[in-house]
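For reference, the chains in residue letters:
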Amino acid sequence: MTELRYPFTEESIRGLKAGDAVSISGRIYTGRDKLHKYFADGGKLPVDFEDGSLYHCGPVIVSEKGGYKVVAAGPTTSVRENPYEPEFIAKTGVRLIIGKGGMDDVTLEAMRKHGCVYIQAVGGAAALSAASVKAVAGVSLLKEFGAAEAVWHFDVEGFCGVVAMDSHGGNLFADVAKSSAKRLSELI
Amino acid sequence: MGIVERIAALICETSTSIPEDVESALRRALRREVKSSSAAMVLKTILDNVKLAREKATPLCQDTGTLTFFVDSSLRKKVTPEKIKAAVALATDKGWLRKNTIDSISGRSYDDNCADGAPVVHYVECGKGRRSGSVTLIMKGGGSENMSRQYSLPDSYLGAGRDLAGVRKCILDAVVKAQGYGCAPGILGVCIGGDRATGYEVAKEQLLRSLDDKAEDKSLSALESKILVEANSLGIGPMGLGGKTTLLGLKIAARPRVPASFFVTIAYMCWALRRRTIEVPV
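Chains as they are written, first to last, in this note's numbering: chain Z, -11 to 176; chain F, 8 to 289.
So that you can see chain F by itself, here it is in the shape it has in the complex:
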């Protein structure tokens, strides 16, 4: 299989099959909910959909989203942006991706999902002399992206200051503002600090972490566990119809900031967290 076909297969797999950690979290959530409640019914429907999409190799969700690739720098010469675009065009042709890329000025559709800046490709420094490298893809739909949010502390409305207590208030507020509109139960990636642009970038990168993963920093990992429990006590539930499962996961990272700025950036991901990694020889 050539590299274009390998990347196209990665796209197919990512679009049609949810990662094991997310599926397990959905199963645990279903067990927690009251039997025959609307929350249980929604989660059951989601799990049936996950199974069917995998069996039939059809997209889990019709919004196949923004495609973001993270490629190890060791593969810079092999997995080029041109090869990735060719794979995206092939995957679109096969029906693994919806025609989902619109020109922001003319409104016309790029029917192969390829344009200047689409898909998004990041090369990640990984050290020299590696014999292989990884290619990671994440697909994020528009409904959830619309629920992402950035706060600037201090925030007098929330009474949130420039500390972790203030960060906590922002995250809980974002969950309440999102209700079920981002297709709850969601997964949050959070970045504390950075500038506005890196805030969104790093927040989104947290969605690549396994749901079982904990932040290395003890104060952040404690915050992750605490807010996850609190968010699930809000009662928003799957699709915002009420229930015990509002979030499946919460991942926080921090980046340095300048004295004048203190951003808290929250990337809201829907239950259909589509991410996958393959290893490719150099």
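This is chain Z alone, in the form it adopts within the complex:
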């Protein structure tokens, strides 16, 4: 298991290969459909993603004692952000995209060019993901986007995932799709 701590250097990201298990600590920001559309339409990003991470996640959050508590924070499906992500990576210098299900070849190419990786979080493991969020340090665009779409500032410890797309063109999803299709043709 490779330990990654924010801020993430290009060197540490380039050292990761598809299939590596990682444990992430430090600041991560959530952002999903509305943030990507807002960014593509020229909106100013509320936080600095440089050398940081973007988590495709619509968490379930409750207010308590003047702060926020995360109830569930599993990943959401990433393919919906395909049209926006290459530009997002190029312009922000983000190093980790965390989500579920992988992204397209154009995004993979942007990752190769700019030194970014895609981390598959474990779908359905909502209780555990929530437990790795040690603090909610803040939130941006809450009023504009609503709670599920807002940019949440999570401070995490030991958030686990697997590098599914690396910065050298490696893509586990594509490999598995190809090899399983080949095996299927042998079986039938």
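None of these hints come from the bench; they were simulated from the model. Don't take every hint at face value.
Here are the computed lysine-lysine pairs in the DSBU-like style, where the Cα-Cα straight-line distance is at most 30 Å [as the list claims (entries may be wrong)]:
no.: 1; chain 1: F; residue 1: Lys106; chain 2: Z; residue 2: Lys122
no.: 2; chain 1: Z; residue 1: Lys170; chain 2: F; residue 2: Lys251
no.: 3; chain 1: Z; residue 1: Lys22; chain 2: Z; residue 2: Lys53
no.: 4; chain 1: Z; residue 1: Lys131; chain 2: F; residue 2: Lys101
no.: 5; chain 1: F; residue 1: Lys42; chain 2: Z; residue 2: Lys170
no.: 6; chain 1: F; residue 1: Lys106; chain 2: F; residue 2: Lys92
no.: 7; chain 1: F; residue 1: Lys101; chain 2: F; residue 2: Lys85
no.: 8; chain 1: F; residue 1: Lys51; chain 2: Z; residue 2: Lys122
no.: 9; chain 1: Z; residue 1: Lys166; chain 2: F; residue 2: Lys42
no.: 10; chain 1: F; residue 1: Lys221; chain 2: F; residue 2: Lys251
no.: 11; chain 1: Z; residue 1: Lys32; chain 2: Z; residue 2: Lys57
no.: 12; chain 1: Z; residue 1: Lys22; chain 2: F; residue 2: Lys184
no.: 13; chain 1: Z; residue 1: Lys57; chain 2: F; residue 2: Lys101
no.: 14; chain 1: F; residue 1: Lys90; chain 2: F; residue 2: Lys63
no.: 15; chain 1: Z; residue 1: Lys122; chain 2: Z; residue 2: Lys79
no.: 16; chain 1: Z; residue 1: Lys131; chain 2: F; residue 2: Lys106
no.: 17; chain 1: F; residue 1: Lys101; chain 2: Z; residue 2: Lys53
no.: 18; chain 1: Z; residue 1: Lys166; chain 2: F; residue 2: Lys51
no.: 19; chain 1: Z; residue 1: Lys57; chain 2: F; residue 2: Lys92
no.: 20; chain 1: Z; residue 1: Lys166; chain 2: F; residue 2: Lys184
no.: 21; chain 1: F; residue 1: Lys92; chain 2: F; residue 2: Lys58
no.: 22; chain 1: F; residue 1: Lys101; chain 2: F; residue 2: Lys51
no.: 23; chain 1: F; residue 1: Lys233; chain 2: Z; residue 2: Lys170
no.: 24; chain 1: F; residue 1: Lys63; chain 2: Z; residue 2: Lys57
no.: 25; chain 1: Z; residue 1: Lys166; chain 2: F; residue 2: Lys233
no.: 26; chain 1: Z; residue 1: Lys5; chain 2: F; residue 2: Lys42
no.: 27; chain 1: Z; residue 1: Lys101; chain 2: Z; residue 2: Lys5
no.: 28; chain 1: F; residue 1: Lys63; chain 2: Z; residue 2: Lys53
no.: 29; chain 1: F; residue 1: Lys51; chain 2: F; residue 2: Lys184
no.: 30; chain 1: F; residue 1: Lys106; chain 2: Z; residue 2: Lys57
no.: 31; chain 1: F; residue 1: Lys184; chain 2: Z; residue 2: Lys170
Being a predicted model, the structure only gives us computed values, none of them experimental.
Start from chain Z and add chain F according to the hints.
Structure of chain F alone, referenced to chain Z:
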């Protein structure tokens, strides 16, 4: 405890605690996978999540899914749709269920998860004179439901004819099409025959069977064992990242069909197979 509270407790238990047979299957799967592989890491994460959700009584998965209740007909007067709805509203209020029910026309949320047709309630004929009856709940998330599929045989693309060999090809194809997107390792419920609607219904009902259960029909039970091994040789693995565990279980049933139709219907369930039964006096 009143009946509303009992049903609400059933919802809580189902949402927060995975059945023992599924958890055992996940543990066996972890032992099979290569140590420190991504498959092992994903399964370990899943098992840690299962434990934590149970300890803290929080939902296993944020998608608390479509709720389907199967109620013995002996309880028809006691466990009414109104009582079940009240229990669902209570469970939602307690945070055991996400606000997860959307009006398909307006897009608005039913914040108590209750609407015309939600939750789904089936009354099952169970014979007269019973002193108790069972209430079974299954919760199925949208990610896995999106991977369910129905084939109509013959299928020239797959070279699948109207026989069990053709059925096998459909099931393996569905597993490959689903990859990890339905949150693999999955559990498949399959119905051979029926019309389109009963096909999906019966396929989903197979998910109520214990993973250790075998189909009564010998040819079906042989098919279940064979395809399970073959599906796990596809290498799709937990969350589609590769590995030896693509399916945890496969349950097949058959229903009569008309001469013109031959459907093979596959209900894909994620690893978080949330099902539970309680016994209630009449």
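Okay, the hints, checked on the actual structure:
Restraint check for Lys106(F) and Lys122(Z): satisfied, since their Cα atoms lie roughly 24 Å apart, inside the 30 Å limit. With a CA separation close to 16 Å, the supplied pair Lys170(Z) and Lys251(F) stays within the 30 Å bound. For the suggested pair Lys22(Z) and Lys53(Z), the alpha carbons sit about 28 Å apart, so the restraint of at most 30 Å is met. Our distance criterion of 30 Å between C-alpha atoms is met by Lys131(Z) and Lys101(F), whose separation comes to about 25 Å.
Note on Lys42(F) and Lys170(Z): the hinted pairing holds, with a Cα-Cα distance of about 25 Å set against a maximum of 30 Å. Between the alpha carbons of Lys106(F) and Lys92(F) the distance comes to roughly 14 Å, so the proposed pair stays at or under 30 Å and holds. About 23 Å separates the Cα atoms of Lys101(F) and Lys85(F), which keeps this hinted pair within 30 Å; it holds. Restraint check for Lys51(F) and Lys122(Z): the C-alpha separation of about 21 Å stays at or below 30 Å, so the hint holds.
Straight-line distance between C-alpha atoms of Lys166(Z) and Lys42(F) comes to about 24 Å, which keeps the hinted pair within the 30 Å bound. The suggested pairing of Lys221(F) with Lys251(F) holds, with an alpha-carbon distance near 22 Å, which does not exceed 30 Å. For a cut-off of 30 Å, the pair hint linking Lys32(Z) to Lys57(Z) stands: about 27 Å separates their Cα positions. For a cut-off of 30 Å, the pair hint linking Lys22(Z) to Lys184(F) stands: about 29 Å separates their Cα positions.
With a CA separation close to 15 Å, the supplied pair Lys57(Z) and Lys101(F) stays within the 30 Å bound. About 27 Å separates the Cα atoms of Lys90(F) and Lys63(F), which keeps this hinted pair within 30 Å; it holds. As the CA atoms of Lys122(Z) and Lys79(Z) are separated by approximately 29 Å, the hinted pair is consistent with the 30 Å bound. For a cut-off of 30 Å, the pair hint linking Lys131(Z) to Lys106(F) stands: about 19 Å separates their Cα positions.
Distance hint between Lys101(F) and Lys53(Z) is fulfilled; the C-alpha atoms sit about 18 Å from each other, no more than 30 Å. With a C-alpha separation of about 26 Å, the suggested pair Lys166(Z) and Lys51(F) falls inside the 30 Å cut-off, and the hint holds. A hinted pair counts as satisfied when its Cα atoms are at most 30 Å apart, and Lys57(Z) with Lys92(F) qualifies at roughly 28 Å. Distance hint between Lys166(Z) and Lys184(F) is fulfilled; the C-alpha atoms sit about 11 Å from each other, no more than 30 Å.
Restraint check: the Cα-Cα separation between Lys92(F) and Lys58(F) comes to about 29 Å, which is no more than 30 Å; the hinted pair holds. Using a Cα cut-off of 30 Å, the hinted pair Lys101(F) and Lys51(F) holds, with the two alpha carbons roughly 29 Å apart. Annotation: proposed proximity of Lys233(F) to Lys170(Z) holds, straight-line Cα distance about 19 Å (limit 30 Å). For the suggested pair Lys63(F) and Lys57(Z), the alpha carbons sit about 14 Å apart, so the restraint of at most 30 Å is met.
Straight-line distance between C-alpha atoms of Lys166(Z) and Lys233(F) comes to about 23 Å, which keeps the hinted pair within the 30 Å bound. The straight-line distance between the Cα atoms of Lys5(Z) and Lys42(F) is roughly 17 Å, inside the 30 Å bound, and the hint therefore holds. At roughly 15 Å between alpha-carbon atoms, Lys101(Z) and Lys5(Z) fall within 30 Å of each other, so this suggested pair holds. Under the criterion of a C-alpha separation no larger than 30 Å, the hint pairing Lys63(F) with Lys53(Z) is consistent with the structure, at around 20 Å.
Taking the CA atoms of Lys51(F) and Lys184(F), the gap is about 25 Å. The hint holds against a cut of 30 Å. Our distance criterion of 30 Å between C-alpha atoms is met by Lys106(F) and Lys57(Z), whose separation comes to about 17 Å. At roughly 13 Å between alpha-carbon atoms, Lys184(F) and Lys170(Z) fall within 30 Å of each other, so this suggested pair holds.
The structure agrees with every numbered hint stated previously.
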